[in-house]
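**Student:** Input sequences plus hints: build the corresponding full structure.
Going by our numbering, the first residue of the sequence shown is number 65, and it counts up by one from there.
If you're looking for bench data, these hints aren't it; they were derived computationally from the structure.
Backbone N, C-alpha and C fix where the C-beta goes; we use that ideal spot for every residue, glycine too.
Heads up, some of the hints might be wrong.
Each pair of labels, with its calculated beta carbon distance range [unchecked claim]:
| no. | residue 1 | residue 2 | range |
| --- | --- | --- | --- |
| 1 | D147 | Q199 | 43 to 49 Å |
| 2 | Q132 | A94 | 16 to 22 Å |
| 3 | K81 | A248 | 36 to 42 Å |
| 4 | E196 | E424 | 38 to 44 Å |
| 5 | G410 | P514 | 37 to 43 Å |
| 6 | A269 | Q445 | 50 to 56 Å |
| 7 | S119 | E339 | 34 to 40 Å |
| 8 | P428 | T272 | 38 to 44 Å |
| 9 | E221 | Q199 | 29 to 35 Å |
| 10 | Q199 | R529 | 51 to 57 Å |
| 11 | R89 | R164 | 40 to 46 Å |
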Amino acid sequence: MTPVATEQLAALAAMLKERVGLHIRPDSFAALKLAVLARLDVLAATAPDATAYLSLLGGLDGDEELRQLLPLVTVGKTSFFRDERQFQALDALLPGFQARSGDQRLRIWSAGCATGEEPYSIAMTCAERGLEPRQLELLATDVNPEAVAAAARGFYEARRVRDIPTQYLSRHFDREGDAWRVRASLRRYITAIRPHNLVSVAFPAPQTAGWDVIFCRNVIIYFDTPTTRRVLEQFHHALAPGGWLFLGYSESLFRLFDGFDLTEVNGAFLYRKPEEGSVRPVALHVRPAPASLPSVRHVHLPPAALRPSLSAAAPSPPPAPRPVEADEPLAPQEFLDGAIALVSEGRFGAARELLERHLEQNGPGLAVQLTLANLYGVLRQHDRARDAYQGALALEPLSAEAHLFYGIHLLSQSEADGAAKELSRALFLDPDLALAHYYLGRSREAQRDPQRARLAYRNTIEALRRLPSGKRQAFLGYYPDIPEDGAAFVRAAEYALAAL
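**Tutor:** Structure below.
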C-alpha cells in the first residue's frame, strides 16, 4: 500500500478547508487516507504517490481532480446508527415485512455504505427484531473500493463504536485489544459488500422482485441535478411497489423528482414508491412553488425496539395506519411552504417565527436554515443571519447555495474579503452559477481590484451561455429579494463592464 504521511493528510485537509470549506478533523484522517489511496489507484501513471497527488491538486487540473475526490472524502462522516430516528422507523416497519405471505426475503440495499457502519446498523436492527439471516437479502455497496474493503473487514477502533448501545455491542462484536470486530453471526446478515458507482448504467437487483428498502443517505447532494434525477429514476425502478427510500435528513426531492410519496414514519421522513395500482407517472422536472401545502402521509407504528430493553418476545404485527389528525406535526417542507406563503403576504416576522419553531422542535435542516438566514437579513438581524448561514454550512459544507448566499450577505455588510472567499467556494462547487460570478465581481470591485472584477463579470456572461437557467441545482432555500433568473445578472454584469 502506498504510504501517505500524516503531514500530507494535514496539507490535504487544509486544502479542502480553503477550497470548499470542508473541515476534516485529525480523528477523521483515516477516512481521508482511504480516499487518497483510492484516487492513487486510479491515477497510478500520473500521480504515483501522495506528493505527486498534492501537486496535481494544486495544478491546472486540480479543480477537476478535487471534484473526483470529494465523494470519497464523505466516508469520514459515517457512524453507527446515524440519524437514530431513521433506524427506529426501519425497526417499526419490519413487522409488516415479516407478516408477508409466502417465503419472501426482506430485500435491503445500502447504497453508499462507506466503511460499513450503515449496513451493520441495518443488520443489528433486523437481528434485534428477530429476523434470521436467511430472511434477509442485504447488499452493501460504495464507489470507493478501499472503503468497501474496510467494511468487509468489519474492524473498528473504540471511538467508532461509541454510538452502538452497550447490549448490541456485546451481542454482535468481539473485542480485540482497543478495537472491536464484527462477529460472524452478524456478518451473515449481509449478503454481499462490493464496489458500485451510482452514476453507472447498471443498478444491482435482488434475486427476486425489487428492493423493499434502499438506504442512500448524504450521497446525492454531491451530484448535479441531471445526475441526481437519473439516479432517482433508477432507484424508483429498482424498488418494489410500496418500497422505501431512506435519504439523508438534508436531502429533499421537492421540485426535483415526483415519483415518490413523502411519508412520516414515527418522526422520520421517508420516500415511498406507490403501491401497484396507484403508480403515477414519474415527472422529471422542476416544479414551481405549489399553491397549497404538499401532501404528507403520517404513519404511526408501535414504538421502535431500537435501544430498548431487549426481550425475546416475538414482535406483533403493526396496526393499520391511523388517519392524520389536525394537530400532528408538519413535515419540514410544509413548514417551508408555509413560511413562503407568509413571505408572499409580506409577513416576514411570522415566517421567521414559523421556521424558528420548526428548528426548535425538529432540529436542523438545510433548506429551513438557509431560508431563515435570508429572512434574518431581510429583517436586518445581521448577527443572527450570520449565525444561521454558518449553521447551514456546518450542516453541509459542500452546499454551493449556502456559500453563495452567505457570500451575498457578507457583501451586504461591506465584508468584501469574506464575501469573495465564500463566492469562490460556491463557484468551485458549481462553476456555472451566474449569480455567484456576478456577486464575485461586485466583491472584487469592493476590494478595488478592477481586473479581477472584469473577469468575474465576463464569467457571468459566459456562465449564462453555458447554462441559460443560471444554475444546475434547484435552490433548497427561498430568497424573495434575489431573482433566480441568470439573465438579469448578465445584464447587470454588462452594465458593470461598461462602467469599469
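**Student:** Take the hints in turn and mark each one as holding or not.
**Tutor:** Verification of the hints:
1. A hinted range of 43 to 49 Å is violated for the C-beta pair D147 and Q199, which are about 25 Å apart.
2. In this structure, Q132 and A94 meet the distance hint of 16 to 22 Å, their C-beta atoms being roughly 20 Å apart.
3. For K81 and A248, the Cβ-Cβ distance of about 41 Å falls inside the hinted range of 36 to 42 Å, so the restraint holds.
4. Between E196 and E424 the CB atoms are about 42 Å apart, so this pair conforms to the stated range of 38 to 44 Å.
5. Separated by about 39 Å at the C-beta atoms, G410 and P514 satisfy the suggested range of 37 to 43 Å.
6. Range check, A269 to Q445: about 52 Å between beta-carbon atoms, so the 50 to 56 Å window is met.
7. Restraint check, S119 to E339: a C-beta distance of roughly 55 Å breaks the suggested window 34 to 40 Å.
8. At roughly 39 Å, the beta carbons of P428 and T272 sit within the given window of 38 to 44 Å.
9. For E221 paired with Q199, a C-beta distance near 31 Å keeps the hint of 29 to 35 Å intact.
10. Roughly 56 Å separates the CB atoms of Q199 and R529, a value that falls within the hinted 51 to 57 Å.
11. Between R89 and R164 the C-beta distance comes to about 44 Å, which sits within the given range of 40 to 46 Å.
When held up to the earlier numbered hints, the structure conflicts with 1 and 7 and fits the remainder.
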